[in-house]
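**Student:** With chain X's structure known, arrange chain B on it following the hints.
One line per chain: the protein sequences are X and B, in this order.
Residue 1 is where the first sequence starts when you use the numbering used here, and the numbers rise one by one after that.
Residue 1 is where the second sequence starts when you use the numbering used here, and the numbers rise one by one after that.
In short, the hints are calculated from the structure, not lab data.
Beta carbons are placed, not taken as given, at the ideal position from N, Cα and C, and that holds for glycine.
Heads up, some of the hints might be wrong.
[Said to hold, decoys possible] The following residues of chain B were derived to be distant from chain X, with all beta-carbon distances above 10 Å:
hint	residue
1	PRO10
2	GLN18
3	ASP27
4	ALA28
5	GLY39
6	ALA48
7	LEU57
8	HIS61
9	ALA69
10	SER73
[Said to hold, decoys possible] Residues from chain X shown here face chain B by an in silico Cβ test under 8 Å; the list is partial:
hint	residue
11	VAL27
12	ASN31
13	LEU64
14	PRO68
15	THR69
16	GLY81
17	ASP84
18	ILE85
19	GLU113
[Stated by the list, open to error] Label-pair ranges, simulated between beta-carbon atoms:
hint	chain 1	residue 1	chain 2	residue 2	range
20	X	ASP109	B	GLY40	41 to 51 Å
21	B	ALA19	X	ARG114	23 to 33 Å
22	X	GLY43	B	ALA19	36 to 46 Å
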Amino acid sequence: MSLRDQISEIIQNEPVALFMKGTPTFVACGNSQRALTALRTAGAPVTAVDILPDPKFRQELSALSGWPTIPQVFVKGELVGGADIVEELAASGDLERKLTDALGEGYGDAREERVIALAAA
Amino acid sequence: MSDDPRSYDPAMATEPLQALLQQAFPDATELAVVDRTGGGDHFQVTVASPRFEGLPLVDQHRLVYDALAAPLSDGTIHELRIKTKGTA
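Pulled out of the complex, with its shape left as it was, chain X reads as follows (with noise of 0.2 Å):
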C-alpha cells in the first residue's frame, strides 16, 4: 500500500488519531507532548503515528491535510488542529464535547493508547 494510503486508512478508521514526533513512551517535542496530554486528559483513546523515521511521512501527511505542523490531531477522520488547537479545546470542554459527538457517550471506556508504525514505500 502506498505511504499516502497508509496515512489516509488511519485517518479514516481511527477513532482519535494523533500524529506527532516519537511515540507516546517516547515523545520527541514538546508540541506534541501538549497534544497528547490534552488528549489524554479528556480521556481519547488515541492511535499514535510518529513521523519522525522518514521525512517522506510529514511530507506526505502535510500534503494530505494542508497542515504545514507537527502534531496533527484527526477525529473521525477529521482534522481538529495541532497542539495548540487541542490544548485550548481541552481547556474549554470542547474537545470533550466534540468527542463525545463523534464517538458516542462511552468514549473513553474502552481508552487504550495504540502505536501504528508507517511503512516506507
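**Tutor:** Just chain B now, kept in the frame of chain X:
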C-alpha cells in the same frame, strides 16, 4: 558586527512576520508576534480579527498558516504557536 549573536535584534525576526499578518488581516484589532526563544525561529502569534467570527479554530489557524506560508515553507519558522480570536 551583525554576525555577532549578541547583537541579535528580535525585531528583525518578528517584523517580516508582522508585516505578512498585517497584509492578510488588515482589519485585525490585535496583532502580535513574539520571538519565544530569542533565536528568531520559534514564534507565538496572536491575531484578533472579525474574519475569524463563526469559524472553527482549525479554519482560523489555516488562515494564519496561509498568511505565513512563505516563511513556513522556507524554514524561517521552525515552530509556530497560534492564538486566534474573533472580535465580537
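**Student:** Now, for every hint given, state plainly whether the structure supports it.
**Tutor:** To see whether the hints hold, each was checked on the structure:
| no. | hint | in the structure |
| --- | --- | --- |
| 1 | PRO10 | holds (21 Å) |
| 2 | GLN18 | holds (19 Å) |
| 3 | ASP27 | holds (22 Å) |
| 4 | ALA28 | holds (18 Å) |
| 5 | GLY39 | holds (14 Å) |
| 6 | ALA48 | holds (14 Å) |
| 7 | LEU57 | violated (5 Å) |
| 8 | HIS61 | violated (6 Å) |
| 9 | ALA69 | violated (8 Å) |
| 10 | SER73 | violated (7 Å) |
| 11 | VAL27 | violated (15 Å) |
| 12 | ASN31 | holds (7 Å) |
| 13 | LEU64 | violated (14 Å) |
| 14 | PRO68 | holds (5 Å) |
| 15 | THR69 | holds (6 Å) |
| 16 | GLY81 | holds (5 Å) |
| 17 | ASP84 | holds (5 Å) |
| 18 | ILE85 | holds (5 Å) |
| 19 | GLU113 | violated (23 Å) |
| 20 | X:ASP109 <-> B:GLY40: 41 to 51 Å | holds (47 Å) |
| 21 | B:ALA19 <-> X:ARG114: 23 to 33 Å | violated (44 Å) |
| 22 | X:GLY43 <-> B:ALA19: 36 to 46 Å | holds (42 Å) |
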